[in-house]
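A.B. asks: Listed below, chain by chain, are the residues.
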Amino acid sequence: MSRAIDKETVASLQSDDPTSVYEDISCTLCWDRGQLLEIEFLGKSHPLPPGTNFLLDGNNIAIPKAKLVQAFVTARQIFFNLAKDCPKDKLQVLGNAAAVILLMDPEHITAANSRKKILLRAGSLSPEIFKAMLRKELLFVNSFLTARLHRHTKSPTLWGHRRWVLEKCKAMGMGYDIHQDLHSIILVAAERHPRNYYAWSHLRWVIQNLCVGEKTKSEISPFIKNWCLRHPSDTSGFSFLLFCLAPLKTPENVPRSDASTFVCEEVLGLAVSFKWTFESVWVFLRTIVATELVASSQRLVFLEAINNLLTTCEGEPKARSNLQNAMQWFEENQQANGS
Amino acid sequence: MSLVSGPGRATATALPDELQLAIEPHVKYIQSLDSRKDELEYWLTEHLRLNGLYWGLTALHLLGRPDALPRNETIKFVLSCQHDNGGFGAAPGHDAHLLYTCSAIQILAMVDALDDLENLGKGEGGGRVAVSKYIAGLQNQETGTFAGDEWGEEDTRFILCALNALSLLHLLSVVDMNKAVDYIVSCANFDGGYGVSPGTESHSGQIYACVGALRIAGRLDLVNKDKLGRWLSERQVEAGGLNGRPEKLEDVCYSWWVGSSLAMIGRLHWIDGPKLAKYILKCQDPKEGGFADRPGDTVDVFHTVFSIAGLSLLEFPGVEDVDPC
Numbered sequence: 001m002s003r004a005i006d007k008e009t010v011a012s013l014q015s016d017d018p019t020s021v022y023e024d025i026s027c028t029l030c031w032d033r034g035q036l037l038e039i040e041f042l043g044k045s046h047p048l049p050p051g052t053n054f055l056l057d058g059n060n061i062a063i064p065k066a067k068l069v070q071a072f073v074t075a076r077q078i079f080f081n082l083a084k085d086c087p088k089d090k091l092q093v094l095g096n097a098a099a100v101i102l103l104m105d106p107e108h109i110t111a112a113n114s115r116k117k118i119l120l121r122a123g124s125l126s127p128e129i130f131k132a133m134l135r136k137e138l139l140f141v142n143s144f145l146t147a148r149l150h151r152h153t154k155s156p157t158l159w160g161h162r163r164w165v166l167e168k169c170k171a172m173g174m175g176y177d178i179h180q181d182l183h184s185i186i187l188v189a190a191e192r193h194p195r196n197y198y199a200w201s202h203l204r205w206v207i208q209n210l211c212v213g214e215k216t217k218s219e220i221s222p223f224i225k226n227w228c229l230r231h232p233s234d235t236s237g238f239s240f241l242l243f244c245l246a247p248l249k250t251p252e253n254v255p256r257s258d259a260s261t262f263v264c265e266e267v268l269g270l271a272v273s274f275k276w277t278f279e280s281v282w283v284f285l286r287t288i289v290a291t292e293l294v295a296s297s298q299r300l301v302f303l304e305a306i307n308n309l310l311t312t313c314e315g316e317p318k319a320r321s322n323l324q325n326a327m328q329w330f331e332e333n334q335q336a337n338g339s
Numbered sequence: 001m002s003l004v005s006g007p008g009r010a011t012a013t014a015l016p017d018e019l020q021l022a023i024e025p026h027v028k029y030i031q032s033l034d035s036r037k038d039e040l041e042y043w044l045t046e047h048l049r050l051n052g053l054y055w056g057l058t059a060l061h062l063l064g065r066p067d068a069l070p071r072n073e074t075i076k077f078v079l080s081c082q083h084d085n086g087g088f089g090a091a092p093g094h095d096a097h098l099l100y101t102c103s104a105i106q107i108l109a110m111v112d113a114l115d116d117l118e119n120l121g122k123g124e125g126g127g128r129v130a131v132s133k134y135i136a137g138l139q140n141q142e143t144g145t146f147a148g149d150e151w152g153e154e155d156t157r158f159i160l161c162a163l164n165a166l167s168l169l170h171l172l173s174v175v176d177m178n179k180a181v182d183y184i185v186s187c188a189n190f191d192g193g194y195g196v197s198p199g200t201e202s203h204s205g206q207i208y209a210c211v212g213a214l215r216i217a218g219r220l221d222l223v224n225k226d227k228l229g230r231w232l233s234e235r236q237v238e239a240g241g242l243n244g245r246p247e248k249l250e251d252v253c254y255s256w257w258v259g260s261s262l263a264m265i266g267r268l269h270w271i272d273g274p275k276l277a278k279y280i281l282k283c284q285d286p287k288e289g290g291f292a293d294r295p296g297d298t299v300d301v302f303h304t305v306f307s308i309a310g311l312s313l314l315e316f317p318g319v320e321d322v323d324p325c
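Chains as they are written, first to last, in the working numbering: chain R, 1 to 339; chain H, 1 to 325.
Treat each hint with caution, since some may be false.
[Claimed, not checked] Pair ranges (Cβ atoms, derived):
(1) H:Gly152 <-> R:Arg320: 45 to 51 Å
(2) R:His150 <-> H:Arg71: 58 to 64 Å
(3) R:Leu310 <-> H:Arg71: 56 to 62 Å
(4) R:Glu38 <-> H:Arg71: 47 to 53 Å
(5) R:Glu167 <-> H:Asp176: 20 to 26 Å
(6) H:Gly137 <-> R:Gly173: 28 to 34 Å
(7) H:Gln141 <-> R:Cys313: 50 to 56 Å
Note that these hints are calculated values from the structure, not bench results.
These figures come from a predicted structure and were not determined experimentally.
Using N, Cα and C, we set each Cβ at its ideal position, and we do this for glycine too.
So here's chain R without its partners, still in its complex pose (with noise of 0.2 Å):
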């Protein structure tokens, strides 16, 4: 988590017009292109040509850590000079000095709050105007959020603000549509930045209040343990698959145990044709065995996987242990099952 900037990026600062750099780089950033920019930082071993302050491809922007941080510093001054009362004439100013702030570090909060309050602004002038700068705006935190950026791909205040902006878009009356949410941003995202706990918890958020709940949940499930599969070292999108496929707590609904039980065969089948070995993988298993989701066959089969493969880690204390630890778990918290 370190924000550390090295000596020669801060020797480097010296060389070039702030002001221009700023300039350069606010303006593709914040140009309405209408889809969605895919950023990535270049570092010290990747130089651009004198007066070369970022590398743009279409839709592919590099940009230079060190030029953003001096980007960053006349954004800042901008930003501040601004954001109390800032004049009508001047909102576009105060949001891309933003977009530039929450490019260098995105849990900048009065950044964030700043495009709140523009966007809010623009809404009292007619719904129009505030639907389309909403679309805009969620183009703008989803190409964050789907960036070639460790930090900005998990930022809970970038995913808060995703959060914010969809809520309005309801409010509006503006659609929504889960399945391309899910594989062109969400999925992105949780794929970019593994076990990213924010991608994840406004997936279930998405779910339990843009979507009808339960028929969503079991429309995605599918597409969820296809994911989980091919990445069963992330134990976030183990731990949504099981939210998936947990009924939600009201007294009309009965357990899918079907989906639950036929999820649970394909991941142990296979766990024990790849030997996987991954903790998340067995912390998914040992909690869905003990629940009465599955039918009870499967637990005898969870065990004899269990036993089948600590004869082939011997060697291998951490694998072992998440599979001795599967077991105690699961015989310690197995709940009744009727089925």
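Following the hints, complete the assembly by docking chain H onto the known chain R.
C.D. replies: Same frame as chain R, now just chain H:
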């Protein structure tokens, strides 16, 4: 005070038997952070400033050097972060949020300056009352959880921020404790852990927040201590450090989030304490001071305070006692 990283690097080659806590270098490191006012990093970390000040001050207190940062300047800075609504931002000009409000109150309490808050604080009713009103206004009246600020993001972390600050102000009565407690209970997962909201993934940081809040509310009886203890004890990896969730890399700050959660539920002995202490010490830079997330990485004040706090929980010599929450 700036939340600054570097220039120290944690040693990856220290011999286990000779690991010592390098107290003076750590004190000097924390003191030096404030002197880098003109440097770039001061601006880069401005949005965390109040947290950074809390982390640095706490670390100094734990190292037995509570006077190592100037008291009056500290108080002046904290009060300059307060808004008219009673809440505090990370730095002057930054928006108010529970995260920084909590740090503000913790700092003022630590330097015994709550009277200064009474005399000079902003907001309706002034002093403690104004801050408590700001906090109470962020509670979701229906569910009992807390938003971080006016924009509505809810997270169990914010429940702890709220209750922590209010308990230091002796004003817990302004919020609905029962509802907050019920909400936390609804966040308990089948694996014994807690997440950011009901039904979300268990996470050591969120667990710390939920357990800490229940402790303040006097309701640790509602925690399944064996189940949670089990989940937390599985956070210890071969190298001795702790991670936050299954299969994540260990990070020294979890020495605190996991360690104090275990301490609060009376199960700290479920992890290998000496092994953890050795790991923590490998994360320090014994020459320049400070701790990093892992041996060999760049130090920062966040990892410094939680390393020292972790050592305190483990009753490491030279470190003051810490309250788990």
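A.B. asks: Could you run down the list of hints and mark each one as holding or not?
C.D. replies: Verification of the hints:
1. H:Gly152 <-> R:Arg320: 45 to 51 Å: Given about 46 Å between the Cβ atoms, the range holds.
2. R:His150 <-> H:Arg71: 58 to 64 Å: violated, 38 Å
3. R:Leu310 <-> H:Arg71: 56 to 62 Å: holds, 59 Å
4. R:Glu38 <-> H:Arg71: 47 to 53 Å: holds, 49 Å
5. R:Glu167 <-> H:Asp176: 20 to 26 Å: Given range 20 to 26 Å: holds, Cβ gap about 24 Å.
6. H:Gly137 <-> R:Gly173: 28 to 34 Å: holds, 29 Å
7. H:Gln141 <-> R:Cys313: 50 to 56 Å: At roughly 53 Å between Cβ atoms, cysteine 313 (chain R) and glutamine 141 (chain H) fall inside 50 to 56 Å, so the hint holds.
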